[in-house]
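Chemist: One letter stands for each residue in the lines below.
There are 2 protein chains.
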Amino acid sequence: MVGYGLYVDQARPFLPANAIIQASGMTKELERAGLALDLALQGQKVAVVSGGDAGVYAMAGAVFELAAARQLNLGQKIGQLSIQVIPGIPALIAGAALLGAPLTHDFCAISLSDRLTPWPVIEKRLDLASQAGLVVALYNPKSHGRDWQLAKAAEILGRNLAPRTPVGIASRCGREGQKTSLTDLGRLALQEVDMQTLVIVGNANTFVYQGYMITPRGYADKYAVKG
Amino acid sequence: MVGYGLYVDQARPFLPANAIIQASGMTKELERAGLALDLALQGQKVAVVSGGDAGVYAMAGAVFELAAARQLNLGQKIGQLSIQVIPGIPALIAGAALLGAPLTHDFCAISLSDRLTPWPVIEKRLDLASQAGLVVALYNPKSHGRDWQLAKAAEILGRNLAPRTPVGIASRCGREGQKTSLTDLGRLALQEVDMQTLVIVGNANTFVYQGYMITPRGYADKYAVKG
Chain P
499 MVGYGLYVDQ ARPFLPANAI IQASGMTKEL ERAGLALDLA LQGQKVAVVS
549 GGDAGVYAMA GAVFELAAAR QLNLGQKIGQ LSIQVIPGIP ALIAGAALLG
599 APLTHDFCAI SLSDRLTPWP VIEKRLDLAS QAGLVVALYN PKSHGRDWQL
649 AKAAEILGRN LAPRTPVGIA SRCGREGQKT SLTDLGRLAL QEVDMQTLVI
699 VGNANTFVYQ GYMITPRGYA DKYAVKG
Chain W
499 MVGYGLYVDQ ARPFLPANAI IQASGMTKEL ERAGLALDLA LQGQKVAVVS
549 GGDAGVYAMA GAVFELAAAR QLNLGQKIGQ LSIQVIPGIP ALIAGAALLG
599 APLTHDFCAI SLSDRLTPWP VIEKRLDLAS QAGLVVALYN PKSHGRDWQL
649 AKAAEILGRN LAPRTPVGIA SRCGREGQKT SLTDLGRLAL QEVDMQTLVI
699 VGNANTFVYQ GYMITPRGYA DKYAVKG
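Protein chains in written order, with my numbering: chain P, 499 to 725; chain W, 499 to 725.
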């Protein structure tokens, strides 16, 4: 099993006693992917673990990216490996369930990390997504050395959405220290967030009812429901 | 337990023998939500089942929408009920895992059903999402009486994306009859789809490698990986 330390520790109890475990630090995605491919090419059965869902800002992409690059550039027989992605519950789904039903209409996920994506691309996505009326789930709102992105994102979203637009904040979903709170777009820049926090910004129809954040699909309107 | 017949049948084996089961037809979301609230107000413990994740185009939103409308308009004591959403694996995540790693970068979900959303709103979202470079997961690409939406969506996405943009198609994920295939945007309009099909349209960087659909996050570029 190969993975980031935090996730390896969570998976450890489910492994057989003779399993070989290789943990590595954050931002070492390619190192982990390379190790997994090396072991697999040696004939080992390898599991790469991720938090949430492996396909959402996580290790599945890194493994495939590296596999393709190695086959192309080194001629390694990666194509012979069988790679299977096991789906999980991504943070935006776990967080949404804790908050109520904020993703019931069209939505998007945008990462605020500019480590691999130029910031102007992220700004453009925030602007167009809020113009489009998509509910916006913000991944990686802050990290060591990145402390201004959330305030800037709130400003950009605020060009297309009212300050009172509901915002849900969910941290460490399904893990120790799990925490949620509700605020609004006008106060988003002031919230405490970190790399383990997911932020969900509603659309123009999102409302808060009894502490739940809800994006209506429009059933009640369509059928003129009054009770 | 309250739910659409197909999902009720899947959940039935996990229920105790004395459970009361109420199944109803497709498009009867509000009827089911209303029944669930009625039973809960009578003091019953009620589970509403959905396919995939209850919060993504599914029953969680309908229950909350109706609860809020009833409290507001009828003064029912809905606020006393405790409502909990149990997260699941939505079709876009299950489908993505079967296809490879198409959602590794920013993505969105857009439903092509214009039953509750005006079609011009859907068109605008498709246009802006593809301008933004978001991977686009299309829900409800076709249903009885709706047969032209997928071709129109392909045309709109094609204004911002090349015809060779990879497209993954996944049907009945995790259920009997599960099926996936790969095509491209230029041929999307010709594909066989139905209400149980999810369509994932890549972004400008998405590629196909050994039958897997992959949207790179940019690890290999960033670190100039050649092997």
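Keep in mind the hints are simulated off the structure, nothing from the lab.
Any given hint could turn out to be false.
Copies of the same chain are indistinguishable here, so a pair counts whether it falls within one copy or spans any two.
As a list, the in silico SDA-like pairs of lysine to any residue whose alpha-carbon atoms are at most 20 angstroms apart [said to hold, decoys possible]:
{"hint": "1", "residue 1": "K622", "residue 2": "N658"}
{"hint": "2", "residue 1": "K677", "residue 2": "A538"}
{"hint": "3", "residue 1": "K526", "residue 2": "Q708"}
{"hint": "4", "residue 1": "K677", "residue 2": "I584"}
{"hint": "5", "residue 1": "K677", "residue 2": "Q582"}
{"hint": "6", "residue 1": "K622", "residue 2": "T681"}
{"hint": "7", "residue 1": "K622", "residue 2": "G716"}
{"hint": "8", "residue 1": "K575", "residue 2": "Q708"}
{"hint": "9", "residue 1": "K543", "residue 2": "L513"}
{"hint": "10", "residue 1": "K677", "residue 2": "Q569"}
{"hint": "11", "residue 1": "K622", "residue 2": "R657"}
Remember, predicted model here, so these are calculated numbers, not experimental data.
Chemist: Looking at the structure, which of the earlier hints fail to hold?
Modeler: 2, 3, 6, 10
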